[in-house]
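Novice: If you want the building blocks of each chain, they are given just below.
4 protein chains.
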Amino acid sequence: MITDLPDIQQDKPSITIPIGQVGVENVELPFKLESKYGGFHQLIANVSMGTNLDKDTKGISMSRLIRTLKPYLDLPLKHKLIKLILEDIRENVGGSSSFMKFEFRFPIIKKSIKSDNEFPLYYKCRFEGQLYPNINIHSVFDFYQGVIVQYASYCPCSNELCNHLQTQGSNGFPHNQRSFANILVESRKSHYIWLEDLIEAAELAVINLPYPIIKREDEQEIARVAAQNPMFVEDAMRNISVAINDIKGVRDWIIKCSHQESIHTSEAIAINWKGIKDGFDGRRFI
Amino acid sequence: MITDLPDIQQDKPSITIPIGQVGVENVELPFKLESKYGGFHQLIANVSMGTNLDKDTKGISMSRLIRTLKPYLDLPLKHKLIKLILEDIRENVGGSSSFMKFEFRFPIIKKSIKSDNEFPLYYKCRFEGQLYPNINIHSVFDFYQGVIVQYASYCPCSNELCNHLQTQGSNGFPHNQRSFANILVESRKSHYIWLEDLIEAAELAVINLPYPIIKREDEQEIARVAAQNPMFVEDAMRNISVAINDIKGVRDWIIKCSHQESIHTSEAIAINWKGIKDGFDGRRFI
Amino acid sequence: MITDLPDIQQDKPSITIPIGQVGVENVELPFKLESKYGGFHQLIANVSMGTNLDKDTKGISMSRLIRTLKPYLDLPLKHKLIKLILEDIRENVGGSSSFMKFEFRFPIIKKSIKSDNEFPLYYKCRFEGQLYPNINIHSVFDFYQGVIVQYASYCPCSNELCNHLQTQGSNGFPHNQRSFANILVESRKSHYIWLEDLIEAAELAVINLPYPIIKREDEQEIARVAAQNPMFVEDAMRNISVAINDIKGVRDWIIKCSHQESIHTSEAIAINWKGIKDGFDGRRFI
Amino acid sequence: MITDLPDIQQDKPSITIPIGQVGVENVELPFKLESKYGGFHQLIANVSMGTNLDKDTKGISMSRLIRTLKPYLDLPLKHKLIKLILEDIRENVGGSSSFMKFEFRFPIIKKSIKSDNEFPLYYKCRFEGQLYPNINIHSVFDFYQGVIVQYASYCPCSNELCNHLQTQGSNGFPHNQRSFANILVESRKSHYIWLEDLIEAAELAVINLPYPIIKREDEQEIARVAAQNPMFVEDAMRNISVAINDIKGVRDWIIKCSHQESIHTSEAIAINWKGIKDGFDGRRFI
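Residue numbers (this note's numbering), protein chains in the order written: chain C, 1 to 286; chain Y, 1001 to 1286; chain D, 2001 to 2286; chain P, 3001 to 3286.
It cannot be assumed that every hint is accurate.
What the hints assert, rightly or not - One-sided excerpt, in silico: chain P residues whose CB lies under 10 Å from chain Y: (1) Leu3005; (2) Glu3028; (3) Leu3029; (4) Pro3030; (5) Ser3035; (6) Gly3038; (7) Gln3042; (8) Lys3111; (9) Ile3113; (10) Leu3121; (11) Glu3219.
As the list claims (entries may be wrong) - Chain P is faced by these chain Y residues, among others (derived, beta-carbon under 8 Å): (12) Glu1028; (13) Gly1038; (14) Ser1063; (15) Lys1078; (16) Ile1113; (17) Asn1117; (18) Phe1119; (19) Pro1120; (20) Tyr1122; (21) Pro1212.
Hints listed in this document are in silico derivations from the structure and should not be mistaken for laboratory results. Just so you know, these numbers come straight off a predicted model, no measurement behind them. Using N, Cα and C, we set each Cβ at its ideal position, and we do this for glycine too.
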């Protein structure tokens, strides 16, 4: 009979100190995500989750984490479902706090800039929830949402130097390159921000975007728009910072922009954060 | 003449907000590192560095970061040299704060557990320095050191279940696997901790280690020691937490252990931190 | 009007040599895959595709590759659909040959070894098709299928050394570790092999598998089975080689096994291939 | 005494089939490499090596691979040393053939395009040797050398579309991006090609290069040169193919170019190979 088997996790540990987070990482599973524009996507998530561990317990049951999660896989994922799962984990696995992260690729149908073409573009996104007690409160629930947005950055300095070349009867091409904005926001209590809204806010801020299908008329329009909007990594960061800060429901944010320079082997980067008390801080290693 | 060329970084930005960190990432360079046991290693670092940016400046000169760094490449790298470089960066590039990270692979000659064999083992390490003004103080210098240590973790639960099998006249092998401890410490002011000391403290705490050369006599001894020291990820974390906390010169620490389970496709993880005010916090996304 | 725009791809190149393969890589898209056990999975593929380029054409239209592919996204993917797409690409983009690769994660519901638990496990898989003319034949179509299977390898040598320890009144744990078999097969003409069959053949051959949900009764059974089946990387390779070679519909195969040693920082590997004329050859850099 | 310990590798395997390659991967070690311009670099290699395995032997001694390699670590690495090591491995470990791969980062001092600045740039390189018997010959030795060269690619189509914009009184920026050429050559018997020569040949062919230090005068010159040399991935491939094919001592070659498009999330790629009998073939999965 099963209950005869030894259960060593229940033992007292030889070193009695608590551990901040214990759990599993890299669990792959199917899940459903609602689209802002109607309907649901069937997606694949890479999940980590766990609890804290008090000083007197040797270990948690890792398999109970997975079994607790299982019944929720058919329900559309949102902040409220994550809160439910976290409460359930705390109850089943033990611990006074619990945490959970979903990382996944999320598709948006992307129209070409001019021609009449559409094709999905996948964005790396994440949800992260934390449930923990605070002074006098049994359950504080913090919810984080992240997106990575690719854009093209055209160098303003190189642009000026090309203009200068033209005054000398010569000609130049300003360098540009693939660039990424990695955005993480903390949502205000009981607020869900559509991933589509986060992505669109960032894309509006950086202007020069990648497209799945580019015909010649599109390529020309992309080049025309680019010439109007050269941006240093600092410019891109300022634009995105303001755009994200202005989204209703965003309580705190941290952003990393990385320009994969075509004329360097290194990247130009900028990291910025809102700067609220006990909030994100780029010096503390995002 | 050069000074005729436009310098658009000096312009005022259209959005006047400051940026926490601006710089470069993924600069590869040669450097020298002193060994605790005498002599110097010639190594290759992957470097990021930069400054903050005040609200009224459009951008920094990225190339000035590299040019500032260059004269220091022949000097042995330590916390004091990093502080000097950071002061120089702040002076040459501008900004009230500066930061710098070195990531590299560091060799230690590893003796086999029993046989008379030696071979180098490389450890992923990092140094990180931050220089910034604080109330009334022009220059606070924070210094961080990191190491990643591989070990083998043998499951105590599986071990107990194998013992139970033997009572039934059967036999079992407890599962074990490659495991990693990712350790980051903040050093006390003007303190340098030998990387060898960080690594050895962690290795003593986890006991079951990888070796470059393993003859049969070694393999038997490894198996013998393993049977005395099964560890959950929670056990490994507790052992390492105490070991790192006890190192003189460590002001704060955060540790992530990851066990790459042989019987799962997911990892068992634990994250722990000292918990001092304004210190590391695993819930804030290391 | 669009046709006014210059189309430089039609120019003659300055260097008139042919190119073996030209195309795009890392296109993400949704697709449907039939399950052997009924029904269809909605999955995400990472796709590369292209054509050869004759010596007198400057370049291909990359966007035409994507536009050609688009109408096929709603149809269930199989070898015959890939052949259709490749014929369409050759017609629309030009070239006498075309190629296409789909890489994706494919779920199989995995039952626990003893307890009554089920959870999906995702496998990295790939399809690859090549269409090209051969002597007197307009269209040879080669089709390749790949899967990566994780398993646990328990060291037979360590096992023997532990048995020897017991004869001396001592005790040891044989080391084991996460291991992977990367399998690529060429299918016989007009043959489709279920990915489930490839995966199951490999899993039967290596015996010790990972499971999503492992309760104590499962963990004990896993340990019991492990003790009956220790395997070197060479043993695992021989078992898998025979198992894959025996699958009906497999014309050629190449396999790489990698054991992520818990007592080493390096991996033990084996690479094997069938050895038919003009077939796979591990010495030619898979 | 050691010889009492069981040695199970000597057993006969239950399945008597040979294995093409058995060995270790991901061994890190220090080594010396001669520079074409005088002196030696102290570098770090990631090494794989092994032998074939005949049908009647259960396994090889992995630790003997490392111990065989060890005495050679102080000698400058070249094709002849690799051949010596391979002969030694074949003798010590057994097997009729042996193989070995060194992957490492190799520095070249890079001068800025105009200003008087110098800084090292690291290139990913590899050496690969294979020793095997052929009809009537005990030892054929094949030697391969690889380099990865980064460059900037400026799109000729986008350029033409920008010129067209100007005829309409508007303005555009042609897109460009970080690009890579991954080059692998087989050297003629007893021929060593300086890595510097391979890299310089490729860099001359693609023209637009990254630089560690770029002042404004450099950035302008880079833009000026770029405007003279737009290249599709097909153009870059043709230029490099001819350049590498012309290097004395190159017997066979295969090249992959990848342009990390700034206006796409996918890469434009080209793969080309010389096409000699039994030589490299891109359709056989490099």
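Novice: None of the hints should be skipped; say for each whether it holds.
Specialist: Cross-check of the supplied hints:
At about 4 Å, the closest approach between the beta carbon of Leu3005(P) and any beta carbon in chain Y falls short of 10 Å, and the interface hint on this residue holds. Interface restraint check for Glu3028(P): the shortest CB-CB distance to chain Y comes to about 4 Å, inside 10 Å, so the restraint holds. This hint holds: Leu3029(P) has a C-beta 6 Å from the nearest C-beta of chain Y, less than the 10 Å allowed. The interface hint given for Pro3030(P) is met, as the beta carbon of that residue sits about 6 Å from the closest beta carbon of chain Y, less than 10 Å.
Proximity of Ser3035(P) to chain Y is violated relative to the hint, the smallest CB-CB distance being about 13 Å (cut-off 10 Å). For Gly3038(P), the interface hint is violated, since its Cβ never comes within 10 Å of a Cβ in chain Y; the closest pair sits about 17 Å apart. This hint holds: Gln3042(P) has a C-beta 4 Å from the nearest C-beta of chain Y, less than the 10 Å allowed. Annotation: interface hint on Lys3111(P) violated; nearest CB of chain Y at approximately 13 Å, more than 10 Å.
With 10 Å as the threshold, the beta carbon of Ile3113(P) stays out of range of chain Y, its nearest partner Cβ sitting at about 12 Å, so the hint is violated. This hint holds: Leu3121(P) has a C-beta 8 Å from the nearest C-beta of chain Y, less than the 10 Å allowed. Contact between Glu3219(P) and chain Y, as hinted, is supported at the beta carbon level, the nearest pair being about 9 Å apart and thus within 10 Å. For Glu1028(Y), the suggested interface contact is upheld, since its CB lies about 4 Å from the closest CB of chain P, less than 8 Å.
Hint on Gly1038(Y) is violated. Least Cβ distance to chain P is approximately 17 Å, over the 8 Å limit. The restraint placing Ser1063(Y) at the interface with chain P holds, with a minimum CB-CB distance near 5 Å, inside the 8 Å limit. This hint is violated: Lys1078(Y) has a C-beta 20 Å from the nearest C-beta of chain P, more than the 8 Å allowed. Taken as an interface hint, Ile1113(Y) does not check out: its beta carbon lies about 12 Å from the nearest beta carbon of chain P, beyond 8 Å.
With 8 Å as the threshold, the beta carbon of Asn1117(Y) comes within range of chain P, its nearest partner Cβ sitting at about 7 Å, so the hint holds. This hint holds: Phe1119(Y) has a C-beta 6 Å from the nearest C-beta of chain P, less than the 8 Å allowed. Taking 8 Å as the C-beta contact cut-off toward chain P, the hint placing Pro1120(Y) at the interface holds, the least distance being around 6 Å. Residue-level restraint check for Tyr1122(Y) holds (minimum Cβ-Cβ distance to chain P is 4 Å; threshold 8 Å).
Taking 8 Å as the C-beta contact cut-off toward chain P, the hint placing Pro1212(Y) at the interface holds, the least distance being around 6 Å.
In summary, the structure is inconsistent with hints 5, 6, 8, 9, 13, 15, 16 from the numbered list given earlier, while agreeing with the others.
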